[in-house]
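Asker: Residue numbers (the UniProt record's numbering), protein chains in the order written: chain A, 1 to 177; chain B, 1 to 496.
If you are wondering where the hints come from, they were derived from the structure by calculation, not from laboratory data.
Among the hints, a few may not be true.
Stated by the list, open to error - Below are the SDA-like pairs computed for lysine to any residue, each with C-alpha atoms no more than 20 Å apart in a straight line:
#1 Lys247(B) / Met81(A)
#2 Lys364(B) / Arg66(A)
#3 Lys249(B) / Leu92(A)
#4 Lys162(B) / Gly82(B)
#5 Lys38(B) / Trp68(B)
#6 Lys247(B) / Gly91(A)
#7 Lys149(B) / Lys162(B)
#8 Lys364(B) / Arg146(A)
Claimed, not checked - Just so you have them, the derived chain A footprint on chain B, three or more residues with Cβ under 8 Å:
#9 101-113
#10 210-216
#11 230-238
#12 367-378
#13 385-398
#14 451-461
Stated by the list, open to error - Residues of chain B clear of chain A, computed beta-carbon distances all greater than 10 Å:
#15 Gln22
#16 Asn43
#17 Ser66
#18 Ala71
#19 Gly133
#20 Ala139
#21 Gly241
#22 Ile242
#23 Asp358
#24 Met382
#25 Ile402
#26 Gly415
Just so we're clear, the structure is a prediction, and the values are computed from it rather than from any experiment.
Glycine included, each C-beta is placed from N, C-alpha and C at the ideal position.
Chain by chain, the residues run as shown.
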Amino acid sequence: MPIDEALLERMLLLESVSEFLYREADLLDERRYTEWLDMLAEDYQYSVPLRMNVAYGETDAREETRAGREILWFDEGKETMSLRVDQLNTGLHWAEEPVSRVSHLVTNIRLDAVELPEVSVSCRFLVYRNRVADETDFLVGRRKDRLRQVGDSWQVVRRELLLDQSVLLAKNLSIFV
Amino acid sequence: MTTVEEPTGTGARQVRSLVDVQKGEISREIFIDEQIFKAELENLFPRAWLFVGHATQVPNPGDFFSSWMGADPVLLTRDNKGELNVLLNSCRHRGMRVCRYDEGNTLQFTCPYHAWSYSIDGSLVDTPGALHGVPQQKAAYGTNLEREKWGLVRAAKVHNYKGLVFANWDPEAPSFDEYVGDFHWWLDNLADAFDGTEGGTEAYRGVHKWRIRSNWKFVSENFLGDTYHGASTHASVEAVGIGPGGKGKRRHGERQNEGGFSKGRMKTSFRRGHGASDNIAYEIPYPEFAEDDLDDYFVAAWEKRKEKLQAEGRLLGGRGPATLFPNMSFAAGFPRTILVAHPISPTETEVWRWYLVDKSAPEKVRDWLRRYYMRYAGPAGMTEQDDMENWDYATESSRGVIARRYPFNYQQGLGQETASDLAGSVHSHHAIAGEVNARAFYRRWAEFVDNLSWPELTKLAQVDDRTTEHVAETTDVAGGVKVLDAVDVVDGPPAK
Ligand code: FES
Ligand SMILES: [Fe+2]
Numbered sequence: 001m002p003i004d005e006a007l008l009e010r011m012l013l014l015e016s017v018s019e020f021l022y023r024e025a026d027l028l029d030e031r032r033y034t035e036w037l038d039m040l041a042e043d044y045q046y047s048v049p050l051r052m053n054v055a056y057g058e059t060d061a062r063e064e065t066r067a068g069r070e071i072l073w074f075d076e077g078k079e080t081m082s083l084r085v086d087q088l089n090t091g092l093h094w095a096e097e098p099v100s101r102v103s104h105l106v107t108n109i110r111l112d113a114v115e116l117p118e119v120s121v122s123c124r125f126l127v128y129r130n131r132v133a134d135e136t137d138f139l140v141g142r143r144k145d146r147l148r149q150v151g152d153s154w155q156v157v158r159r160e161l162l163l164d165q166s167v168l169l170a171k172n173l174s175i176f177v
Numbered sequence: 001m002t003t004v005e006e007p008t009g010t011g012a013r014q015v016r017s018l019v020d021v022q023k024g025e026i027s028r029e030i031f032i033d034e035q036i037f038k039a040e041l042e043n044l045f046p047r048a049w050l051f052v053g054h055a056t057q058v059p060n061p062g063d064f065f066s067s068w069m070g071a072d073p074v075l076l077t078r079d080n081k082g083e084l085n086v087l088l089n090s091c092r093h094r095g096m097r098v099c100r101y102d103e104g105n106t107l108q109f110t111c112p113y114h115a116w117s118y119s120i121d122g123s124l125v126d127t128p129g130a131l132h133g134v135p136q137q138k139a140a141y142g143t144n145l146e147r148e149k150w151g152l153v154r155a156a157k158v159h160n161y162k163g164l165v166f167a168n169w170d171p172e173a174p175s176f177d178e179y180v181g182d183f184h185w186w187l188d189n190l191a192d193a194f195d196g197t198e199g200g201t202e203a204y205r206g207v208h209k210w211r212i213r214s215n216w217k218f219v220s221e222n223f224l225g226d227t228y229h230g231a232s233t234h235a236s237v238e239a240v241g242i243g244p245g246g247k248g249k250r251r252h253g254e255r256q257n258e259g260g261f262s263k264g265r266m267k268t269s270f271r272r273g274h275g276a277s278d279n280i281a282y283e284i285p286y287p288e289f290a291e292d293d294l295d296d297y298f299v300a301a302w303e304k305r306k307e308k309l310q311a312e313g314r315l316l317g318g319r320g321p322a323t324l325f326p327n328m329s330f331a332a333g334f335p336r337t338i339l340v341a342h343p344i345s346p347t348e349t350e351v352w353r354w355y356l357v358d359k360s361a362p363e364k365v366r367d368w369l370r371r372y373y374m375r376y377a378g379p380a381g382m383t384e385q386d387d388m389e390n391w392d393y394a395t396e397s398s399r400g401v402i403a404r405r406y407p408f409n410y411q412q413g414l415g416q417e418t419a420s421d422l423a424g425s426v427h428s429h430h431a432i433a434g435e436v437n438a439r440a441f442y443r444r445w446a447e448f449v450d451n452l453s454w455p456e457l458t459k460l461a462q463v464d465d466r467t468t469e470h471v472a473e474t475t476d477v478a479g480g481v482k483v484l485d486a487v488d489v490v491d492g493p494p495a496k
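With the rest of the complex left out, here is chain A (with noise of 0.2 Å):
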């Protein structure tokens, strides 16, 4: 049977995309916040928009807030998420302090767009952080990251979560996502 060269190809794509996540999601877990930050572009955008509850027909004029305009949990580039490292860095930021406990799980990942260098990834998140004792929450939802070729490697340029929750059940957000 001959090899479809088109189809090898894409998967040695998607195999080196997943194995990018799968590093990042192993840095944010042991807590490599410095080296992680290296795994964003300089132009990098993170958003995590609010989820509301809206009638059938009016979900996508309302279900989110809007990147850019509104309120979300998170709208932002490196230059606050290199903040947001440098206060856990402190060792006073006490919402994190004991450290927690984090497993970020990262599946269903599919290539959405190849548009060498770049590429559009779409996948699932369940991350999980317990503290002190029975203090647990459960993020999940879904992601769509854009990932630029850096060299042999990646950057993520743009991240869009979906998380899905309306009330956020979780006290904050102290962590990375």
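Starting from the structure of chain A, add chain B with the ligands where the hints point.
Answerer: Same frame as chain A, now just chain B with the ligands:
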């Protein structure tokens, strides 16, 4: 064994005995106890003026916004005459929540259960929220159903204060203006634009809503005047710097707390329970911005406001943070945001945050403020994250049997209150320390929770016994109750 009194014949504990403002000791029971929580839901929230939402969230006829008042879901609606209504979001038939959407537009709420429908269209019903449609009405009820009696329950009073919409379930409650008193200066600074334009603000779309495992009063108390916590709680964000001055600059701007008490900063505590972290004579211009065009914009806004207010004979301070009794907290400066702490259980609270911006703000200002608010406040806010850690674990570790035997200490500045020019208020003895606001809040809270009548509540509020000067309310209150003489008041703390 507990140290609290047994329930009295009224079905509620005498919670006033748990709040000793003379000694500055407050029992932990008020943050933990189920019975007290029930008494709050019964006696406080249905009688207090509560913040429901912002008028700009419902600009058009038929627009609605789902909110809460205490433990009850409500709908803030604008009817087809343009009037605002606050309706209990529970069907009169079997209680189904008639609307589970967070926002939308409709002139009719149809219950999914058996399809009773309620209209806010004045051409169909006399009263907005009235029962309009009942499936098979004739077969089901013949001529017996009095539809005019079975509309959605309406809040007895609704008040739109420069776009801030408040409601009260109690028809006997004092007017909003009386309830607020001279604390309105802080609400003015919240609702007016940065250049002083009256009511010149609107809410950004999107309300942060999140659950915390803490008693709701920790939240109200924190914003009411606890400037003491900042240095420790917010040390990490202050070390990093997220403010208008750019990276490394203070989170509220460099001028915040400038000069402190020497420059006349004092907290303001109202006998009616409201409190602010500052006073209206404490004047600090808007912060310095790292970017020139933003700096120019805010300098111009400050100058314009200064000119306007001085022409009106008004003082320029009063940005908070502050709490309108009982559960609406806000800051009227940097950031400018409203918080409501909705009670769920003694140890669980749902926190909502709205963010305000000048209607006339240019795109750059609007976007800068929006980003600043999000990195500052809400569950992802680099400042607010650390507050929640404190409130949650303060609640949790107060639950123990031994812990409950020991009250909290509220003795900062006890007996050192100073007179204020504003009716029914006093000032703290210090710019940062000073728990006078919290003492007044819990004192008022206990009077409500013990279900004192409106005449009793009004009478108590009319004389401030916290200073030797006994600043009486200057205004003649509704109902013709005259200003009381200071000698009517006993049990005041020793004044110095
Ligand atoms: S519960 Fe609403 S119609 Fe029956
Ligand atoms: Fe705080």
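Asker: Take the hints in turn and mark each one as holding or not.
Answerer: Hint check results:
no., hint, result
1, Lys247(B) / Met81(A), "holds, 12 Å"
2, Lys364(B) / Arg66(A), "holds, 16 Å"
3, Lys249(B) / Leu92(A), "holds, 17 Å"
4, Lys162(B) / Gly82(B), "holds, 15 Å"
5, Lys38(B) / Trp68(B), "holds, 17 Å"
6, Lys247(B) / Gly91(A), "holds, 19 Å"
7, Lys149(B) / Lys162(B), "violated, 32 Å"
8, Lys364(B) / Arg146(A), "violated, 26 Å"
9, 101-113, "holds (count 4)"
10, 210-216, "holds (count 4)"
11, 230-238, "holds (count 4)"
12, 367-378, "holds (count 7)"
13, 385-398, "holds (count 7)"
14, 451-461, "violated (count 0)"
15, Gln22, "holds, 33 Å"
16, Asn43, "holds, 27 Å"
17, Ser66, "violated, 8 Å"
18, Ala71, "holds, 15 Å"
19, Gly133, "holds, 19 Å"
20, Ala139, "holds, 30 Å"
21, Gly241, "violated, 8 Å"
22, Ile242, "violated, 6 Å"
23, Asp358, "holds, 15 Å"
24, Met382, "violated, 6 Å"
25, Ile402, "holds, 18 Å"
26, Gly415, "holds, 32 Å"
Violated hints for the displayed structure, listed by number in ascending order: 7, 8, 14, 17, 21, 22 and 24.
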